[in-house]
Each structure stands twice: as structure tokens, then as C-alpha cells.
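Enquirer: As they're listed, the protein sequences go chains E and R.
Here our numbering is used: the first sequence runs in plain steps of one and ends on residue 259.
Here our numbering is used: the second sequence runs in plain steps of one and ends on residue 1275.
Be a bit skeptical, because a hint or two may be false.
[What the hints assert, rightly or not] Derived, one-sided and incomplete: chain E residues facing chain R with beta-carbon distance under 10 Å:
| # | residue |
| --- | --- |
| 1 | Lys40 |
| 2 | Glu120 |
| 3 | Met124 |
| 4 | Gln129 |
| 5 | Leu135 |
| 6 | Met136 |
What the hints contain is simulated information worked out from the structure, not anything from laboratory work.
Idealized CB from N, CA, C, for every residue including glycine.
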Amino acid sequence: MNKYEHDAGLSLNLSRQLADLGSCGLFLPQILLRIRPSLKQLGNVMRQLYFVGTRSMIIILTSGFFIGLVIALQGYNTLVQFGASESLGAVVALSLFRELGPVLTALLFTGRAGTSIAAEIGLMKATEQLDALELMAIDPVERIVLPRFIAAVIAVPLLTAMFNLLAVTGAYLFAVEWVNLDPGLFWGRMISAVDLGPDYLSGVYKSVVFGIVIALVSVFQGYNAEPTGRGVAVATTQTVIVSSILILILDFILTALLI
Amino acid sequence: MTTSTQQQDASTTDSFISLRDVVFRHDTRNILDGLNLDIAQGSVVAILGPSGVGKSTILKLITGQIRPVSGTITVNRQRVDQLSGTQLNRYRKTLGVMLQNSALLTDMTVFENVALPVREHTRLPEPVIRRLVLSKLQAVGLRGSIDMLPRELSGGMARRVALARALVLDPELVLYDEPFTGLDPIAAATVSKLIRHVNEALNVTSVVITHDVDRMQGLIDCAHIMIGGKIAASGTPAQLAADETPMIRQFMQGLADGPVPFHYPAPDLAEDLLQ
Ligand SMILES: Nc1ncnc2c1ncn2[C@@H]1O[C@H](COP(=O)(O)OP(=O)(O)OP(=O)(O)O)[C@@H](O)[C@H]1O
Ligand SMILES: [Mg+2]
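Sequences are here, hints too, so could you generate the full structure?
Expert: This is the structure in C-alpha cells:
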């Protein structure tokens, strides 16, 4: 079988997918071995971080705000039946910090930034830009893959924090402005319910793992894309499929481990 | 074919590039089938041949991007087919390559694209880099486009920027894959003159891959015509034009009928249609 032959859709070829995951994992040390403490590399990473960050900011912030509104609305409707509406702050914060913040940010980031990283690298391959770099004795993994990988790894936890911040703001606005909860009670319950370690930090750990997964899958799919238009399309789709599934599976595993 | 043997005997002693009995295959089809090629130091040489015959493949073998199934590739006394990763990088710093599609980095301006190899491989101060890059862009007539992005360039402009990038570090060997495609006659003549000029000014060896027979006059010292995985004839443009071998005559004069296969290997058309 041709090494580029995969299905753009839901591939049922499990062994092929597992083999892909294996080579994807092997790509990680190859990337990490190229990290150097150099100013040039830092500059490249900052440039990519700026691109990745600005690209994803709007979608992450708006989604965060509306997710905050929705869980506040849902939570309030349930809590009010038990006469526990003042716990709204606590419920919102716990579901956000532990689960929704890291998972939704990771999924949104995959769709926005992961796909564009995969498509960009795949297109560079299809248009011989990666070959041209090699011919100039410039390592394409160091010059193209590494900065994008690190930028994505850094961006995901930061964007998760912003997502959480906007979601809490949304929930606060709903609680205080719409259903007239006491702001002091909202914050007070939230602060006393959230433990830094098990609640907030477990979310941070998750977002770090998700960041690594998305970054690795995106650069791997792009770098190994078939060098054609169709190949780039497949790489982009595969990035979404593989990252999303891995994020949800790892979320379960990490929750079980961290709880 | 007297020309081809004479050329080989004359150049084996001092050839800069030498391919010996090179076999290369994709899947099961032999693209190069025992190919021999010698290129003298300081010359401008053309590799001609019909589309799909394997000209770009020769270029990839010379740059070490692919390795032959058998045979040897020697450039400047180095066995390119045996170089390790770091040796290959050192070797490539002495090369200038203009690929078939220009392959400029899409997220960088024209200036940054040309400056990239300089920034990566030297520690020159910024004003010197600037002067160097501007002089190369001036030579291809594109000094005015330094702040443009590759997507804002026409195909022909992009090729000329790629040429400036290939030449920016004053390489010892320059490989041009189809340098004239997409260029208007004036730009093509400019590029042609530039290739010649670079060759004389810096005493580099230049290999021009092309199927443009007419563009050769005044540019090249020697041409090699590739047909069927081998070099079918070598010689000066004048010698080749006078060659009476049917295959060479057909190729040089662009005749549709003759022994040169135009079709990619395929089963008989009638059989294919009946299936
Ligand atoms: N990745 C590949 N897989 C299979 N066959 C290939 C591959 N790349 C090239 N080939 C085959 O190798 C042959 C030579 O290709 P090459 O690119 O060297 O041709 P070329 O002489 O440069 O043609 P052109 O003038 O059209 O650029 C072609 O017939 C092509 O079908
Ligand atoms: Mg070619």
C-alpha cells in the first residue's frame, strides 16, 4: 500500500491508525532534540506564538464567555430547585476549571490553530519549501516544525486560563445582573469550594498534556502529508479527528488519575 | 555517436561532477538506467530531455536528496551518495539550487527569503547582509520588490527571486531546474545572461536543466541529451544540432514523429480500450 493512502473520513483501518500514532510518538523526541538555547530559535517561537495566539484568541474568548453564561443558566435552574442557588459560583468554577475549560479550549484550539499548522506545513511540503530549506542546509524540523510545536504547547494552557476567566465573567454577569444573586456570596462560595491543587491545578495539568498532543499531532500530520492538495486536505482532517479523540480519551485517563 | 564518447574521455580526469552507472527506480520502473555523466569544473552545462525522462531526478541525486540504487555520484571529489547528515549539510552550503517551482517561503518577504541562507550560515552584520541581498536582487531586476510577499509575485518574478536566493552565498556549484519556464523573453534573456555572468565572475560550475533547446545558444558550453534513462548524446549546441542520429535530430528539431518516446510507458491503446 502507498504510504500516503489514508481515508479522509473516519478511517476504519485501526492498525494503520495505530501505526500512525506510533510514528507520531517517535516524532516527539526528534523535535525535542533540536531545542537549542539560541536567540534565533526564541525569536522564531515568539513569532509563531503570536500567530497561534492571535488566531485563536477571538474564538476562545467568545466561546468562553457564552459557555460561562450557559453553565450558569443551567446550574441555576437546577440549584434553585434545591434552594441552593447561592452555590452557583462554586458549581460553575468546579465544572470549568476541572473539565470544560481545558477540554473545550483544546478542542477549539485544534479546530482553529491545529488545522492551520497542519495545513501550513503540508502546503510547504507540497510546494517544495521544505526541500528548498534542506537544500540550503537548513533543517526544516528545527526551522519550521519546532517553533510551531513549542508555540502551540505554550499557547494551550494560556488560552485555557483566558477561557476560564471569560467563562467566570459570563457566569458572574448572569448571576449578579440577571438573577440578582449577591456578588459576595457568588465569589465567596467559589473561593471556598475550589481547592488550588485538586481543582485548579488538575485542569492546568490537563491543558499542558492537551497542548502537547495537539501540537504533536498537527505538526506530524503536516510534515508527513502527501505533497499534493488532496494530501494537505487529508492532513487537516486527520489533525481534527486524531487530536479530538486523543483529547477525550486522555481527559478520561487524566481525570481518573488526578481525582 | 562520436560526440558522447569523446566528451567522456576528455572530462573523466578533471570532471567536477561525475555520475557512474547510476540506476534509480521508482517502484519497479527504472528511471535512470546505468546513466553516466561528466561535468567539467567551471562550465555551463545543459541537461536536455523530454518531460518525465528523469532530469529533476538527476538534480536530486546530485544534491543528495535521493540515493541511487546502484552506481556512484561524485561531486568535487566527494561521494555524495555516501555522505552522512552533517557532511551533507556542509556539502549543501556550497550549492545553489533553483528548484522547478520557486519554493520561496510563503511567510517571509522577498528580502527575508533571499537573506535566509545568509542569516543561517554566516554572522555578517545587518548592513552587510542588506547590501548583499540588495545587490543580488538588483541583478535579477527585483530590488523594488523587497517588501513583497511571495503570494504577491508573479510566477516569473518568484523564479527570479529564487535565483537570487540560490546565488546569495556565492556557491561553487549552481543547479537550475527549468530556469526559463514562466519567464517572458526579456526576463528569460536576463536570466540567461545572469547564469553566464555568475559562471564567469565566480568560476562556478552551472548545470541547467531544461527542455528549451532554443535558449541554449550563447549560454552553454556543453549539452547532454537524456533519453530513456541514459545520456544519449553530448556535445556543444552546434555539434548536437548537426548530429544525424535520428533520435537526437528529432529532439533538437522538435519533431513529433521519431524514435523518442512521447508516451509514458503504457499497455497497447487498443488493449486498454477493450478492457
Ligand atoms: N514520487 C514518485 N513516485 C513515482 N514515480 C515518480 C516519482 N517522482 C517522479 N517519478 C517518475 O520519475 C520520472 C522522472 O521524473 P522527473 O521529475 O525527474 O522528470 P523530469 O525529466 O524532471 O520531467 P519534467 O521536465 O517534466 O520536469 C517520471 O516519469 C515520474 O513519473
Ligand atoms: Mg523536472
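Enquirer: Flag every earlier hint the structure violates by its number, smallest first.
Expert: Going through the list in order, the structure violates no hint and respects every one.
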